[in-house]
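Those sequence lines, one after another, are chains A and B. Quick note, the numbering used here runs 13 ahead of the 1-based positions in the first sequence. Quick note, the numbering used here runs 48 ahead of the 1-based positions in the second sequence.
One or more of the hints may lead you astray.
Below, computed lysine to aspartate or glutamate pairings styled on DMTMM-like, alpha-carbon distance capped at 20 Å [said to hold, decoys possible]:
hint : chain 1 : residue 1 : chain 2 : residue 2
1    : A       : K206      : B       : D182
2    : B       : K189      : A       : E212
3    : B       : K188      : A       : E212
4    : B       : K188      : A       : D213
Hints were generated in silico from the structure; no laboratory data involved.
Here are the chains, one letter per residue:
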Amino acid sequence: MKTIDKDINIVIEICGSAGEGTISAGEILSRFMSAQGFEIMSFDAYPAEIRGFGKCVAHTRVSSNPIYSPGKLADVLIALNDNHAISQLSALKKGGILIYDSQPPKPHEEDESVVARADAETISYGVPLTMLAQKAAGNARGRNMVALGAVTALFHLDRDAFTKSIKDRYGKKKQIVIDSNVNSFLEGFDWTKENIEKEDTISFHGVTPPQTKAEQKREKLIINGNQLVAKAALDADLKFYAGYPITPATKIMEILSKELPKHGGTLLQTEDEISAIGAVIGAGYGGIRAMTGTSGPGFALMTEFTGLSVMAEVPAVIIDSQRGGPSTGIPTKTEQSDFNAAVFGGTGDCPRVVLAPTDTQSCYGATVLALYLAEKYQTLVVILLDFFLSNSIRNIDAPQKPAPDMRHANIAPDPADLADYQRYKITDSGISPRAIPGTPGGMFFATGLEHDAYGRPNYTDKGHLAMTAKRFRKHASVLAEAPAPMISGMAAGDWCSNTMMPEQDTGGDPSGTGIQGLEEGAAGSSPGISDNDGPQEMVDIGVISWGSSAGAAHEAVMTAAGEGISAAGFSSMMLSPFPKKDLAAFAGRCKKILIPELNYRGQFADFVTTIIKRPVERLNFITGRPMAAEDIVEKMKEM
Amino acid sequence: MPTHDHYVIIGNGPAGNAAAFTLRENDPDAAITIISHENICFYSKPKLVKYLAGKVDEDALAVRTMDEYRRRHIRLRLGQTVAHIDPDSQSLHLSHMEKVHYTDLIIASGARARLLPSMKPYADCLTFVTEFNDTRGLRKKIADGSRFFIFGGDLVAFKFLKMLTDMGKQVTLLLYPRAFWPHRLTKDMQDAIVKNLAPTGADILADDDLDTIVQDQGKYCVTTKQGVRTQADLVFSFNGLIPEVDFARGCGLEIDHGILVDETMRTSLEHIFACGSCAQIYNPDINTYTTSIGWPNAQVQGKVAGLNLLGEHHKVRPAGRKYFDLEGVKIKTSWWEDLEKGKDT
Ligand SMILES: Cc1cc2nc3c(=O)[nH]c(=O)nc-3n(C[C@H](O)[C@H](O)[C@H](O)COP(=O)(O)OP(=O)(O)OC[C@H]3O[C@@H](n4cnc5c(N)ncnc54)[C@H](O)[C@@H]3O)c2cc1C
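Okay, chain B solo, but in the shape it has when bound (with noise of 0.2 Å):
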């Protein structure tokens, strides 16, 4: 029987994609609609990197095609901002002044690079790379460029350095402790974080800080606390990532860093789920809320809250056994995976 259901996805990521395509496998009936702020169909993030390096072309980056969306009668509102979510009405404000109603909503709107506030004087000076949109021009100016610097220390972080001395290219890491937030690194993780980078051939700078950086004409002289001077063609950014919920705020939603989420995806507000990097998900296990890392994790709670949304009752399961591998260095951070049919209680 047809619905006139409308499901809404804010998020056209992994865990924006999963919870539609779920949607759409139980329910061939209700309209779907995924809105994305960028204009680009469902693209790999961690292929970036390569795409930076210029070993695939922009073509490598898709996940899926336009195509599947149309077969599947999923709409995509690509290019298109949520200003605000409106619960008592069901609606969305998209930030060109139109309305969508929903009958249902996923937040799956992911996070967004983590600018330090010590940092904010230089924000303009600063490359981060958390979108495909961040790329545009960049690739150029990397393959261009001789010298760069990487302010931060979060799994991107690593990736870019050995991503340029590959290429060939100086660069010079300043390890930011607190870069692959919420975690510290230990001075013990940062020696041995330093130790294992020495073959990339990269200068290393540990137990420093930023100072100044100053621009000119198009270069950029970077100056540490300690007094170490280096010149580079860009400074990178990355010390981790925030969740992107500032158009949630002020709804009635309750939010943290990101949107408070239960282990089965809902959020304090009936009709609305969230997922993935924008989510904080509650962990019984230490009882407190955990934001989301990764593509897999995100994949598993866009379906969670996909079948959820259905009226099923999944849960995501913490998985204490995961550990992030930072350069040699075991980091222990939240993890979901595995669906489980929980009771309900």
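Just chain A, same shape as in the assembly (with noise of 0.2 Å):
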């Protein structure tokens, strides 16, 4: 049994420039927490120009309970610089704690120093820093190690712990790496306990952490989407990847440029995003699963080729990373924009399916079943992920590899359809049995005009609207196997299935999204389900959300509740074709309804509002950071 006796919840960024060290001692704090057993989410947020200058802020969350979203405001704020860390002020809570080296390199000039400019409230310690570092390492480069050991002795961490974190992140450096970061740690520690007076509350003494020895046993992965996204992939039989680099895609190929070859794959790096795609499309009609990675920017150029995957019936998988739009935009900045794109993108009527993970570990779920999608039902597959999503790091239960028929998925013709092999068959799934080039006897046309049945030219308007019904046919049935809306706040009723109440996590599910249902072919049934034959209560307000801000809505209506504001959560991870009925369902049982999202008009809203056919409450920001549950909490509270 879990037996916390105290409840840990902070938030710690560290602020510095690129180059100091900042990003790494985010990394090495959020390692060791997750080793303690604490839940972690962290990002970093540095500027948009090439990293090796600038502002640089590793934010982490650590709770002793799971964690949604990644928090608004910092508890802590570690100052390795000045002048950077002034303006990340504003994201520090009144009454927060500031660490700010009381020995800088060179004096202040009036109202520089971080110090001068913090609120009155904030609990303020000086530590030495470079001081400290250059009497443990002859230089000040440490100053970030000694930093985390004055966290690590004011806040009551274990400090041969923390020395083993930094010894396994510096592990095949040289030992006087090794050493001199060690020894920085423990100046920093020794100096805190020494000189340094306590005047807050945090305290990590007598916390029992989450996971307890028995589940720490199970393999925890310290990963971001990105990294995620490359690992699903590969686990999933991806052979084919094209692509051309762009923020914050740009890892997923870096990843799949070093494994896909040793998985017996190839990566394309293409002239542009317009071949990527063309290159996907070309290996998903010779018959191997293939995908291409992109940002807002790269998907407007791949737009024209999508139809083409819709039409020709070829499967292709694009992820687009969602960055502050339009056009170049703000490539460092997340934001939700591209839902119109995405879902509405392109000419003609053109169904595809998209899908936005919800949470990191989603992103694995979502890409396993994108190209198994993709793949059995012939067709074009966008996973929106979002700068946020790509980026933040979560440690999460290793998932499980997806079951054989969801990395081989195609529906071959058999040989009564050779016999005369109609590669378009009208069938009421709307899938056609597809012939990979070379099979005898499975030749056909695949071009981007209509067609008939053995994919001649067909332009007849019977013929365009049997195709095209069968094309939206396909919707109907990848309906069916997606993982169900996730709930909160609201006892389930017998539409809804994922239902996540706030003493629940996803549990038996690492992949967090229901795939393992589709393992077992239990595809839209509702693991979880409770039957709810009583009267459904009405909520105040419902809270309907998706992609990266989804976890924010759901962290909001838990936190409302303990407010004493009656109030539900929904997200789906399948936003094309969309569970309406399910919508419809939830949004009947909700006197107001509030959609939060990264984007200045509201598209999701917009596209909400046409399915559900009455008003609703948008909270929109575009600043660039994650959703936060405490603005959504706010915007309840007004409602």
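If you follow the hints, you should be able to join the two separate chains into one complex; please do so.
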């Protein structure tokens, strides 16, 4: 049984200049906290320009309870660079803790120190970071480690375990590097213990992390969305990836460039995104699993080709990791403004599948599912990530590898089909058995033109209608295979499925998406369903969300419950086709609806209103920061 | 007309606050900054005793809220320490290596506990209470402990003694005749104090002195010169205060125990005033400088410093009739009260 004597739920930010070890200090902190058994969610913010200069922030939320969002404001700000940290003070909570260098290399002019600019309520601890690093290692590089030593002493963390985390991080480096980092850490620890009078109340003393020892034996991955997408693609037998580098999707390509060849696959860096999607469609036509990754500007270029994938019924998977837009926009800021482009973009009646993972863990499931659906339904599948999901780091249970039927999903023609092979045969499911080029008797035409069942151009009104309807029919079957929407704060009705209540996490489904259910062929059924025959109570506010905002939305619902607001949350990884019935049933139990999302006009809110046909409240941000549960709760209070 | 004046006040106690609020009332435009090494808003030191007894919470200590400063545009730099003053460039050097410029400076840095030279070897064994920081963790130790030793005999010593005995704790007081510094308790005074404290039930030792303190497993064994041995959970030292002025030494200010000021709170340097417990004020009645004791004194002086900084000419008036009541024993000490609009001399 879990015994948590005391809860921990804090956000620590380390702010410095690129090159000052800000990000590596954040990484060590996250790994240490994870190793201690805490839940972590962390992300780094850095300038759009190439890394190497400018402000960097490593943001880490640590909790003894499940985490759904990164936390809006920091409890602790560690300033490695006063200049940059001054602008980060606005993200520090009132009464928060500031740890700063009390003996910087150069004196500050008036008001140029971070402590000068902190609110009077701030609890500030001056630690001579530079001086102690010099003392420990003969140079100032270890200031980040001194700061971690100070944090360890101040918050009563396990010094020896932290030392081990540092050793692990630098394990492959020369001994002198390991020693200077460890010594700087210990110097910071000892100095703080000796000299700082603790004025705050944060303490890990007596906190039992949520994972018991037995659970800790389970393999934990500390991983971000991009890494999980790449891992999932490899596990799901991806054999071809074509792409052109673009933030925030580049990392996927980077990983696959190393890993794909080891798995018998090929990575092709093309001259642009048009070529990339062209190559992916070519590979898909050739019968192998293929994928590309990009961001808004690249996705825009791919649009014309997406129609070909749908029309010629060739499997293709595109990952669009959204960033501030339109055009080149704000490359290193997160946004959810490609909803319309992904769901509706392009020409013609073009049914495609669009999936948006709602958290890091579900990036794995979404990728496996995308490759499966693309292959089985011979169509285009778009995965909408965003900068935050791509880059934020979680500690998660290692996902279970996809079952064989998820890895090989092509419905091949049988000999009877091949007798008179109709590549685009009209079927109830919309799926026509697909012959891979080279299949004896399986020759067919594939073009972007409207066609008859054999693939021959056919422009008749009847033919076009029949083929369009066939392509759309796939949606119904796709929906039946889709993971059910996530509901929070409401007892499950017979329409709903993945019910998430405050005291629960997603438990036995390590992919967090219901993908396990798919393995068992239980698609669309409802794991954890609770039949609710009694009268269904109305809640005051229903929060409907998608993508990376969903975590914050569900957290807000749970927080609001604690504040006496009756609320429920709904999010669906499947955006196209959309589980409209589920949505309508959910909305029917909510007096008011709130839709938080990270775009200006409320693209998803517009979409939802066409389904539920009633006005909704919108909460839109384009600050470049991930959605914050705190902001949603504030809005709920106003409603 | 807006000015570009920047009045800086070192100290967030009654003297510093009286100065800052007086300045704001009379100069709506100037920039005003209070610097304090303590990370806490203006609080009542007299209430620390009740706080330690567990009778009031931290919130009850606050004298002003942060909002009052915001509304008056008085900037608080809390948790920041002045390392030294550079009167030539009219700037302060903070210990985190930041310079702060002033057009006029008021030093109201208060006083710190006096550590008797003979007690230096035992400094680590002694508990002092002069500011909120000293009380962190102490509340619990007092609640959990059963026996306490008090060495000294200033005002706070007696307040503490009563607080502890009221809580049912066993207390030994070693009365030190020089504790009510700079005054010395005569034999008669000591006898009267011992007699008056009898109802508290505390063990009072007089005509004795501390010999050794030995720390063992978080407890203390105190031995006096007369050979009395006492076990204690904590050993408090209340032997008066000395002005907190080390940071101001060497900058050209005239300093004895405290910063020397005339009755208008002016120091020996232009644009610098001092007030409250850090100051040593000229008393024309006895033609010497005396240190200031107590909260009301600090307030009066802070106000006078503020007004005079703005060009007025007020004096603090030594009030000869003020006595301190030290457990029934009246001790006459320097006291300043009432503002007197002085004549220009
Ligand atoms: C426990 C206790 C009980 C008391 N009870 C009573 C009582 O009942 N009645 C009474 O009249 N008096 C009492 N006093 C005394 C009274 O509190 C003081 O006389 C009064 O606070 C002096 O005011 P001040 O403004 O001069 O200095 P303080 O209140 O001491 O304030 C000094 C300020 O200066 C700041 N400071 C000092 N050095 C620096 C530096 N280098 N850089 C930045 N900031 C600095 C400090 O942070 C602080 O904010 C008591 C004192 C104590 C400790």
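We went through each hint and held it up to the structure:
1. As the CA atoms of K206/A and D182/B are separated by approximately 16 Å, the hinted pair is consistent with the 20 Å bound.
2. A threshold of 20 Å between alpha carbons decides the hint, and for K189/B with E212/A the separation of about 17 Å falls inside it, so the pair holds.
3. A hinted pair counts as satisfied when its Cα atoms are at most 20 Å apart, and K188/B with E212/A qualifies at roughly 15 Å.
4. About 16 Å separates the Cα atoms of K188/B and D213/A, which keeps this hinted pair within 20 Å; it holds.
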